[in-house]
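Line by line, the protein sequences are chains A and B.
For the first sequence, this note's numbering begins at 1 and goes up steadily by one.
For the second sequence, this note's numbering begins at 1 and goes up steadily by one.
Please keep in mind that the hints were generated in silico from the structure rather than gathered at the bench.
Hints may contain errors.
The list treats identical chains as one, so a pair stands whether inside a single copy or across any two.
Here are the computed lysine-lysine pairs in the DSS-like style, where the Cα-Cα straight-line distance is at most 25 angstroms [to be verified]:
no., residue 1, residue 2
1, 71, 333
2, 144, 449
3, 311, 362
4, 71, 362
Keep in mind the model is a prediction, meaning the values are calculated, not measured.
Each chain is listed here by its residues.
There are 2 protein chains.
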Amino acid sequence: MIKKDDTMSNDKKKQVEQITDMEQDFAQWYTDVCKKAELIDYSSVKGMFILRPYGYALWENIQHTLDTEFKKTGHENVYLPLLIPESLLEKEKDHVEGFAPECAWVTMGGSERLEERLCIRPTSETLFCSHYANIIRSWRDLPKLYNQWCSVLRWEKTSRPFLRHREFLWQEGHTMHETADEAIAETHQMLNIYADFCENVLAMPVVKGVKTAKEKFSGAEDTYTIECMMHDRKALQSGTSHYFGDGFSKAFDITFTDKNNRPAYPHQTSWGLSTRIIGGIIMTHGDNNGLVIPPRIAPTQIIILPIAQHKPGVIEKAEELKARLTESGFRVKCDTSDQSPGWKFAEYEMKGVPLRLEIGPKDIEKDQCVLVSRVTREKQFISLSDLETSVTKTLDDIHHSMFEKAKQNLENHTYAANSLEEAKSKQEAHGGFIKTMWCGEEACELRMKEEAGMTSRCIPFEQENLGETCAICGKKAEHMIYWGVAY
Amino acid sequence: MIKKDDTMSNDKKKQVEQITDMEQDFAQWYTDVCKKAELIDYSSVKGMFILRPYGYALWENIQHTLDTEFKKTGHENVYLPLLIPESLLEKEKDHVEGFAPECAWVTMGGSERLEERLCIRPTSETLFCSHYANIIRSWRDLPKLYNQWCSVLRWEKTSRPFLRHREFLWQEGHTMHETADEAIAETHQMLNIYADFCENVLAMPVVKGVKTAKEKFSGAEDTYTIECMMHDRKALQSGTSHYFGDGFSKAFDITFTDKNNRPAYPHQTSWGLSTRIIGGIIMTHGDNNGLVIPPRIAPTQIIILPIAQHKPGVIEKAEELKARLTESGFRVKCDTSDQSPGWKFAEYEMKGVPLRLEIGPKDIEKDQCVLVSRVTREKQFISLSDLETSVTKTLDDIHHSMFEKAKQNLENHTYAANSLEEAKSKQEAHGGFIKTMWCGEEACELRMKEEAGMTSRCIPFEQENLGETCAICGKKAEHMIYWGVAY
Numbered sequence: 001m002i003k004k005d006d007t008m009s010n011d012k013k014k015q016v017e018q019i020t021d022m023e024q025d026f027a028q029w030y031t032d033v034c035k036k037a038e039l040i041d042y043s044s045v046k047g048m049f050i051l052r053p054y055g056y057a058l059w060e061n062i063q064h065t066l067d068t069e070f071k072k073t074g075h076e077n078v079y080l081p082l083l084i085p086e087s088l089l090e091k092e093k094d095h096v097e098g099f100a101p102e103c104a105w106v107t108m109g110g111s112e113r114l115e116e117r118l119c120i121r122p123t124s125e126t127l128f129c130s131h132y133a134n135i136i137r138s139w140r141d142l143p144k145l146y147n148q149w150c151s152v153l154r155w156e157k158t159s160r161p162f163l164r165h166r167e168f169l170w171q172e173g174h175t176m177h178e179t180a181d182e183a184i185a186e187t188h189q190m191l192n193i194y195a196d197f198c199e200n201v202l203a204m205p206v207v208k209g210v211k212t213a214k215e216k217f218s219g220a221e222d223t224y225t226i227e228c229m230m231h232d233r234k235a236l237q238s239g240t241s242h243y244f245g246d247g248f249s250k251a252f253d254i255t256f257t258d259k260n261n262r263p264a265y266p267h268q269t270s271w272g273l274s275t276r277i278i279g280g281i282i283m284t285h286g287d288n289n290g291l292v293i294p295p296r297i298a299p300t301q302i303i304i305l306p307i308a309q310h311k312p313g314v315i316e317k318a319e320e321l322k323a324r325l326t327e328s329g330f331r332v333k334c335d336t337s338d339q340s341p342g343w344k345f346a347e348y349e350m351k352g353v354p355l356r357l358e359i360g361p362k363d364i365e366k367d368q369c370v371l372v373s374r375v376t377r378e379k380q381f382i383s384l385s386d387l388e389t390s391v392t393k394t395l396d397d398i399h400h401s402m403f404e405k406a407k408q409n410l411e412n413h414t415y416a417a418n419s420l421e422e423a424k425s426k427q428e429a430h431g432g433f434i435k436t437m438w439c440g441e442e443a444c445e446l447r448m449k450e451e452a453g454m455t456s457r458c459i460p461f462e463q464e465n466l467g468e469t470c471a472i473c474g475k476k477a478e479h480m481i482y483w484g485v486a487y
Numbered sequence: 001m002i003k004k005d006d007t008m009s010n011d012k013k014k015q016v017e018q019i020t021d022m023e024q025d026f027a028q029w030y031t032d033v034c035k036k037a038e039l040i041d042y043s044s045v046k047g048m049f050i051l052r053p054y055g056y057a058l059w060e061n062i063q064h065t066l067d068t069e070f071k072k073t074g075h076e077n078v079y080l081p082l083l084i085p086e087s088l089l090e091k092e093k094d095h096v097e098g099f100a101p102e103c104a105w106v107t108m109g110g111s112e113r114l115e116e117r118l119c120i121r122p123t124s125e126t127l128f129c130s131h132y133a134n135i136i137r138s139w140r141d142l143p144k145l146y147n148q149w150c151s152v153l154r155w156e157k158t159s160r161p162f163l164r165h166r167e168f169l170w171q172e173g174h175t176m177h178e179t180a181d182e183a184i185a186e187t188h189q190m191l192n193i194y195a196d197f198c199e200n201v202l203a204m205p206v207v208k209g210v211k212t213a214k215e216k217f218s219g220a221e222d223t224y225t226i227e228c229m230m231h232d233r234k235a236l237q238s239g240t241s242h243y244f245g246d247g248f249s250k251a252f253d254i255t256f257t258d259k260n261n262r263p264a265y266p267h268q269t270s271w272g273l274s275t276r277i278i279g280g281i282i283m284t285h286g287d288n289n290g291l292v293i294p295p296r297i298a299p300t301q302i303i304i305l306p307i308a309q310h311k312p313g314v315i316e317k318a319e320e321l322k323a324r325l326t327e328s329g330f331r332v333k334c335d336t337s338d339q340s341p342g343w344k345f346a347e348y349e350m351k352g353v354p355l356r357l358e359i360g361p362k363d364i365e366k367d368q369c370v371l372v373s374r375v376t377r378e379k380q381f382i383s384l385s386d387l388e389t390s391v392t393k394t395l396d397d398i399h400h401s402m403f404e405k406a407k408q409n410l411e412n413h414t415y416a417a418n419s420l421e422e423a424k425s426k427q428e429a430h431g432g433f434i435k436t437m438w439c440g441e442e443a444c445e446l447r448m449k450e451e452a453g454m455t456s457r458c459i460p461f462e463q464e465n466l467g468e469t470c471a472i473c474g475k476k477a478e479h480m481i482y483w484g485v486a487y
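All chains should be modelled from the sequences, with the hints used to inform the complete structure.
Below you can see the structure in the form of structure tokens.
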């Protein structure tokens with residue numbers, strides 16, 4: 001039996017009013033949700049944020065899920081130092097050019113001025129290479145499949161919760177291989193792990209592709225990316241995987257003796273995903289009542305609210321259901337505080353808990369409970385004997401409905417264009433991704449940026465033929481490319 | 001059937017020779033083990049070390065075990081910034097005096113000189129207090145039970161793997177409570193969690209007690225500690241828990257409305273355990289063949305070595321046993337590489353894998369395998385039908401024998417003394433802990449340091465009456481205290 005939840009107490013209205021409507025001001029809605037759902041707090045240093053327990057719990061679940069996948073595919077975790085000597089950072093020319101402008105520099109240790117200044121890692125390619133030069137000798141030492149969970153620091157001018165922190169948490173994989181083919185296969189494998197994670201765990205559909213030369217990572221030969229579309233139809237680069245060839249190996253003099261007993265340079269990759277993805281979760285799934293968290297990553301998947309909890313046996317029954325569901329492997333909380341039911345409804349809606357379970361005296365009499373989906377607000381009366389089955393199915397349904405909703409947003413707002421003018425007017429009218437043919441020249445990217453305010457997102461692996469000529473310059477087209485306004 | 005393992009191939013001898021004998025040079029033995037067992041590597045910055053996969057895997061297991069205990073007792077993880085503005089660090093007088101001399105300072109962001117310099121956190125009390133001032137309003141907000149896993153940096157002059165890094169990994173708990181009693185109970189609870197972890201998981205017996213005023217944490221009212229004795233009879237402070245009273249609350253203006261609607265200052269604790277404990281594991285359990293890792297924390301608990309692996313069915317059987325044991329929840333590896341058995345024996349001894357499982361054609365015929373303990377080197381022939389039971393029991397036996405051995409070291413080398421002269425001569429003759437009565441005056445601690453080279457380790461919770469007067473000055477004694485030479 002299914003009906004719509006139409007509960008809306010005064011308490012709830014009051015609390016929801018604290019969040020700006022997303023239609024009115026999406027940026028303010030986003031900031032409100034980050035603060036009010038207690039994901040984040042500001043700190044005493046500009047651009048550095050505090051991850052509060054609820055925000056950090058999301059990251060822990062992301063970590064746990066990805067780390068399991070990394071280990072399944074043979075990767076090992078390591079920890080390398082926080083600080084990079086300036087001379088080490090400078091060893092690879094393109095890399096230092098990309099990162100030096102946003103490094104924070106340590107110049108004093110205690111009361112002494114350092115002989116060489118040290119930057120706080122903005123990324124760790126140089127540290128890994130310096131280590132690899134020490135430990136790689138023979139083909140028997142390859143591949144090296146290392147990953148690191150840590151924080152990195154980039155001294156940016158502007159900041160926004162999750163999307164742009166001066167310090168953020170991430171993982172960075174750094175691997176070394178005997179051959180280019182093996183390294184390239186690794187970059188694709190890791191991109192696919194990210195894509196599957198986004199789609200199957202975070203319910204975020206992705207576009208997979210390769211970055212243009214202009215947009216690739218400093219020092220990489222190729223950068224692969226997954227691009228997601230947010231609710232406001234802007235793009236979020238959500239995970240990247242880089243193929244370096246042997247450029248760093250040469251710069252850092254990393255050599256190994258190959259199977260033919262000849263010296264050779266190993267081929268390198270790196271790949272990373274950061275707390276930025278939490279911004280993506282919020283902006284993909286959230287609504288005017290607050291967060292909506294995908295069930296497979298939710299710190300609390302089910303919130304149990306006892307109704308008329310002063311009546312005998314209600315709290316006990318609620319706690320019993322909590323124990324039963326916890327035992328079955330669900331992440332469950334039960335709120336027996338003296339706050340009003342209206343307050344509690346609003347609180348857990350704001351926090352985006354995917355499933356609410358209500359149990360009151362009448363339900364207990366009928367040996368049933370009520371399940372309410374955070375997404376559809378559908379109310380189901382279910383028999384307690386079917387509890388685990390119903391909860392499993394409902395959480396799965398919620399995941400799929402979230403994914404489908406996000407996928408429709410992506411598909412409905414991806415537009416083809418045949419000229420720069422058309423691309424510009426479509427972006428202005430609808431936002432979203434604009435797909436065009438492209439000649440491959442950076443000049444056309446610069447024009448698209450200047451005249452239509454869009455950067456290239458990626459050259460998707462799934463190509464379509466939209467014509468023979470570049471939409472910007474009219475010369476022969478090389479690829480179909482996606483453009484967008486990005487976070 | 002039990003007999004001694006007397007395998008000693010040439011390969012093995014060669015590899016073992018790479019490690020300095022501990023009796024000859026304990027410090028060199030320690031460094032050799034850290035390097036040769038691939039726990040650690042040096043980096044391009046002095047005093048900052050690389051945790052290699054095997055060393056980091058140890059830390060991951062420590063993290064996982066402790067984090068589970070922290071969560072069971074209601075703690076939540078958070079992440080606070082890496083950098084502390086100088087003005088924030090200065091808010092609590094004793095605290096800044098303790099830490100400022102070893103801070104690393106960031107003075108440049110990109111190409112700009114910062115208006116205020118920022119130190120890389122040496123510990124995060126000030127950051128937590130600044131956050132708590134924002135989020136604590138009422139008694140309903142208390143207790144706050146936060147923990148953080150992160151790295152901290154202390155710009156020390158000397159360094160040694162695990163024992164003293166300029167940057168090290170740790171967890172730091174920071175909690176706020178309505179009352180002093182509740183906060184003090186928390187410090188004891190956390191000290192007990194550390195103590196139980198050391199004894200029941202790391203097989204390291206501890207002495208629990210309180211630090212003297214001289215040795216306590218900068219800014220704390222009381223510091224509780226667990227002290228372990230290493231194989232060379234020096235002391236290692238292995239975990240600490242601090243009670244702060246309301247000193248920081250006042251300095252940071254953290255107030256809450258209590259149950260009587262009056263403003264009050266919350267009472268604070270912090271507690272931490274770091275990668276230093278890995279140094280403790282090495283120096284408690286290691287021997288001249290390398291590491292010995294306690295089974296409950298070992299990254300690999302069982303190494304399976306196929307014997308005569310070229311013979312048909314041997315590798316298959318070894319892999320089958322690996323699958324069976326993995327399925328039962330053991331951490332198992334199987335080495336089917338083409339290295340010689342002698343090399344493999346030495347390699348996994350060096351790495352301290354607690355249990356070696358050998359299986360060869362004759363064993364397969366008899367439906368048995370051989371278990372060899374890393375500690376006792378006892379060889380057991382066990383029936384494959386009893387595999388899981390035998391392995392469980394043997395790993396447990398290994399844990400207990402490691403604990404007993406370490407406990408005997410601790411007990412046999414704890415000496416009572418009635419005068420400074422006696423304390424000094426016992427320390428010189430035997431090392432270890434020297435217990436004496438003490439008047440409570442810092443002057444006597446300074447004399448003990450100067451004349452006998454020992455610092456106070458702790459005033460143990462388990463007091464003994466060794467007399468009525470201070471062993472140093474002869475005045476009335478207040479406590480029995482432990483002295484030692486510490487790492």
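Q: Compare the structure with the hints numbered earlier in the document and write down the numbers of the violated ones, lowest to highest.
A: Violated: hints 2, 4.
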